[in-house]
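**Student:** Single-letter residue listing:
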Amino acid sequence: MIQIKRMQENGVDVLAPVGEIDASSSIELDLAIAKSVGDGFTKILIDCSALEYISSAGLGVFMSYIEEFKEKNIKMVLFGMSEKVANTFQILGLNELLNIVKNKEEAKKIAG
Amino acid sequence: MLGVITWLALLFTDISVRFSIRNNVSPDSPVWLPGFILSLYILSLFYYYKLKIDRDEQLNLVDLLWRVFATGLVATVISLVLRLLEYILGTTKLTTNVFYLETNYLINLGLMIAFLIASFTAWKRLILYQKSKWLIRLWTFFEYTLLISLLYNSFSLPFVESLYNIILGGIIVLALILSGNMKWVAYLNFRQKWTSLLLLLLTLFYLFYGLYSIYTQVNVISGEATNIVDHRLHIFFVATMTFVTIYSIFSFLVILFNLPTSSVFEQKLEEVVNFQRISQSIQTEQSEESVYKILLETSVSTVFADAAWLEIHETGHTQKLFTYKITEKEAHDIIDHLKNKQVKGILDQGSDKTKNLSKLLSSLRGLRFRSILAFPIYVKGENIGNLALLKELPEGFNKEMTKIVSTFANQAGISIENFRLMEEAIQSERYKEELKIAKMVQKSLLPDVLEKDLDFEIAAFSESADEVGGDYYDTLRISETEVALIIADVSGKGTTAAFHMSQMKGIFHSLAQNCIEPNVFMQRANQALIYCLERGSFISAIFFLIDTKEKKVRYARAGHCPVLFYRSAETKAEFFEDKGIALGMVRNKSYSNFIQSYSFEYKSGDVMLLYTDGITEAANEKGEQFGYDRLAEVLKKNHADDPKFIQEDLVSKLYEFSGGDNINDDYTTMIVKFK
Chain A
0 MIQIKRMQEN GVDVLAPVGE IDASSSIELD LAIAKSVGDG FTKILIDCSA
50 LEYISSAGLG VFMSYIEEFK EKNIKMVLFG MSEKVANTFQ ILGLNELLNI
100 VKNKEEAKKI AG
Chain B
0 MLGVITWLAL LFTDISVRFS IRNNVSPDSP VWLPGFILSL YILSLFYYYK
50 LKIDRDEQLN LVDLLWRVFA TGLVATVISL VLRLLEYILG TTKLTTNVFY
100 LETNYLINLG LMIAFLIASF TAWKRLILYQ KSKWLIRLWT FFEYTLLISL
150 LYNSFSLPFV ESLYNIILGG IIVLALILSG NMKWVAYLNF RQKWTSLLLL
200 LLTLFYLFYG LYSIYTQVNV ISGEATNIVD HRLHIFFVAT MTFVTIYSIF
250 SFLVILFNLP TSSVFEQKLE EVVNFQRISQ SIQTEQSEES VYKILLETSV
300 STVFADAAWL EIHETGHTQK LFTYKITEKE AHDIIDHLKN KQVKGILDQG
350 SDKTKNLSKL LSSLRGLRFR SILAFPIYVK GENIGNLALL KELPEGFNKE
400 MTKIVSTFAN QAGISIENFR LMEEAIQSER YKEELKIAKM VQKSLLPDVL
450 EKDLDFEIAA FSESADEVGG DYYDTLRISE TEVALIIADV SGKGTTAAFH
500 MSQMKGIFHS LAQNCIEPNV FMQRANQALI YCLERGSFIS AIFFLIDTKE
550 KKVRYARAGH CPVLFYRSAE TKAEFFEDKG IALGMVRNKS YSNFIQSYSF
600 EYKSGDVMLL YTDGITEAAN EKGEQFGYDR LAEVLKKNHA DDPKFIQEDL
650 VSKLYEFSGG DNINDDYTTM IVKFK
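First to last, the protein sequences are chains A and B. So that you can map any letter, position 60 of the first sequence is 59 in numbering that gives the first Met the number 0, and since no number is skipped, the others follow by simple counting. So that you can map any letter, position 71 of the second sequence is 70 in numbering that gives the first Met the number 0, and since no number is skipped, the others follow by simple counting.
Think of the hints as simulated: they come from the structure by calculation, not from any bench. Do not take every clue at face value.
To be verified - Far from chain B by the CB rule (all over 12 Å, computed), these chain A residues:
no., residue
1, Lys4
2, Gly39
3, Lys103
To be verified - Listed below are several chain A residues computed to face chain B (Cβ distance under 8 Å; list not exhaustive):
no., residue
4, Gly18
5, Ala22
6, Glu66
Unchecked claim - Beta-carbon label-pair distances, calculated as ranges:
no., chain 1, residue 1, chain 2, residue 2, range
7, B, Met439, A, Asp21, 23 to 31 Å
8, A, Arg5, B, Glu288, 32 to 40 Å
9, A, Lys101, B, His331, 51 to 59 Å
10, A, Lys83, B, Glu479, 39 to 47 Å
11, B, Glu620, A, Gly37, 39 to 47 Å
12, A, Lys101, B, Ile413, 54 to 62 Å
Beta carbons: idealized from backbone N, C-alpha and C, even for Gly.
This is chain A alone, in the form it adopts within the complex (with noise of 0.2 Å):
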C-alpha cells in the first residue's frame, strides 16, 4: 500500500510516496506524477524519505517519464532515499538517468 502526499513549495511540485510501491501501488504513483504534469508544474521533487520499498514496476514509472520530461523540459529530482531503495536505483542503473541527491536543498537547487 502507498500514499502519496502532494504539496507545492514556490512553484515546485513535492510528491512523497509514504510505504512501499510495488506493482499495484506503481499505477498511483504513475497517476501522481501525470496530475503533476497535468498541473502544469515544471519542477517535480520526489521526497524518498518515506518510501520503504521499490518494485522493479515502480522504478520503471520513473524511467518510463525520462524521455517525456527531457523533451518537455521538466526537472524530475529524487531526494532523500533510504540506501536500500537507493541501491535497488543503483543496481538497475537509474541513478545515472535520474537526478537523485541526498536532500531537499540540493534538489531544489538542481530544479532550478
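Fit chain B to the known structure of chain A by using the hints.
**Tutor:** Below, chain B without anything else, positioned relative to chain A:
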C-alpha cells in the same frame, strides 16, 4: 368409418321396417333393431371424437370452439343443400315418397348427432380445463348416466313417462352443475374472447336450426306414414341436446360479461411473464446492459408508463442513462430539478415520497409529465441506480403498480448481482488459465541441459511464484573455447513477462552466436527491445563470454544484480559493482554510453554466483530481506563443493529464511564453478 357404416345400417333397418309396414308384412327384423343401431352409431361417433378432440393436446381453447363450429357448419350446409334440392324438385312423386323423406330425415339426424357429440366432447375439455378430483368424479358420473340412458333407449324398454322424466331431470340438473365450470374463459385474451363469442353464437344457431329441421321433418313423415321410428324423444338425444345448449348459452354469457375485465387479467398474466423475463435474463443475456433494458421495457409495459428512464451509477462519477420515450436532456432536467428541491431521499422507495416527488414535478415548468414513480436498484446493498417511470396523468400510479415495479427493481438487482458474480468467476478462471499458460511458457524457455566444459561446471535453479515473473537464464557454446552465458529478469508479471522473456531468448541465441563483445551484445539487444517493450517495462541482464583458452571472462551488466564472485586464492567473496543500465531504459542509440564490458580472470576453485533480485529481496516474517550478506555467506561456506550442492544449500537456506513454502517472487540462480 364405423360411424358411416352404422349410419348406413340404421338407414337400411329403418327403411326396411318402413317397407315391411307399408306392405303389411311383419318386419323380418326385430322392432328394437333401429334403436340399437342408433346407439352403436352414437357410441362410434363418441369414440371418434374422443380420439380426435379429447386426445389432441395441441388444440387451444379457440381451436376447440372452432372445431365445434366447423362441424356445425358442415351439418347445416348439407341440411340446407338437401332442402334446396327438395325445393328445386318441387312436389314430385319422389319428394313425397316416404322412403325419400325417411332417408332425408336420417341424414339430418346423423349430422345432428355428430354435431352434438362433437360439441359434447369439446365442452368436456372446456369443463375439465382446470380439473379437481370432485369435478372429474362428477363428470364420470354424468357420462355413465348418459350411457345408461343410451342403453335404456337401445332396447326399446317399455316407455314409462315418470322414469323418463326423472332420468331426464337428473341429467339436466347435472348438466347445469357442470355448466358452472367456466374457468377457461379467464384464460382467453381480448381478441380470443371476441372470436369465441362469434363461434358460440353460430354454434347456438346451428343447434336450433338442426333441432327445427329434424322436428319439422318428423312431422312431415308422421303425416305420411304411421309408426315412424321417432328418435326425437330418444332420451340420450334430448339430454345431450340440453347439455350442449345450456353450456353454449352459459359460455356465451360468461364470455360476454368477462369482456370488460379481460384486460386486467391479461395484465396480470403479462406481469408474471415479465417477471420471468427479468429472472431469466441473467442466464440468456450477455451483458448487464440487456438486463437494464429488459427492466425498463417490462416496467413500462406493466404500468403503462408514458416515459421512463433508468439511471445507472458507474464506477467513478459517470452515470449511464437508459431512456424510453424521453430525451436525455428532459430526464436530466427532472433529476436536477428534484435534486434541487429535495436533496435528501431523492428517488427513494416508499409511496409517500413518491407522492411528494409527483408534487415536486408539477413545479417544473413546461413538463408534460404529472406523476412519477421511482425506485432504487440495489446490488449487494449498494445503490447502483434508479428506475423512474413517468405518466402524463396526475396520480397515474396505483398501489398495485408500485408493488409490481418494486418487485421488478429488486429482481433486476438480484439478476445483476448474479451476473457480476458470474463475471467475476469467469474472470478469475480466465486469469488462472492465463497464469498456467505463462508458467508453462516460462518453464519451456529455460534450457533443459546447460553447457559443460572441462574448465567449468554449471548448476541452475529457477522457481516462480504464483504470479509468474520473467526470470531467464541460458547458455550457448560459440566455439570450442568460448561459451556464452546469460541471466535476465524481465520487469512485470504474467503473460507479458513470459512473452518478453521469449524475446530475450531469441535475442540471446541470435546475437551470441557471432561472438561479439558483451557491450555490443547489450547495445544491439537494447536496440531490438526498444520496439517491443512497452512504456515502463525493462529487462535487466548480464551477458558473459567465458574464454577457456585465455581463462578469462568478459561480461556486461545491464542493470542486473551484481555478480557474486568467490576467489579461492583470497578466500573472499565479492560483488562486482560495475556500471550499466537495464535494457529498455534508454530508448535510443545513446544507450552505448551507459554500458561497457568488464573482464576478470578465473582460477581453479573460483565460483561465480548469479541470481535475480527475488533472492536478495526475499523477506522473512519480520520484513527483513535475505540480502547480499547472507548470500555471500552461503557461497563462502560451500565454495569447495560442486555447484549443484551450493545451489541446493542456497535454496534450502532461502526457504528456511522466508519461512514456509510460499514465495512471493521468482527465485533464480546460476552457479558456475571453475576447475
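**Student:** Out of the numbered hints, which ones does the structure contradict?
**Tutor:** Violated: hint 4 alone.
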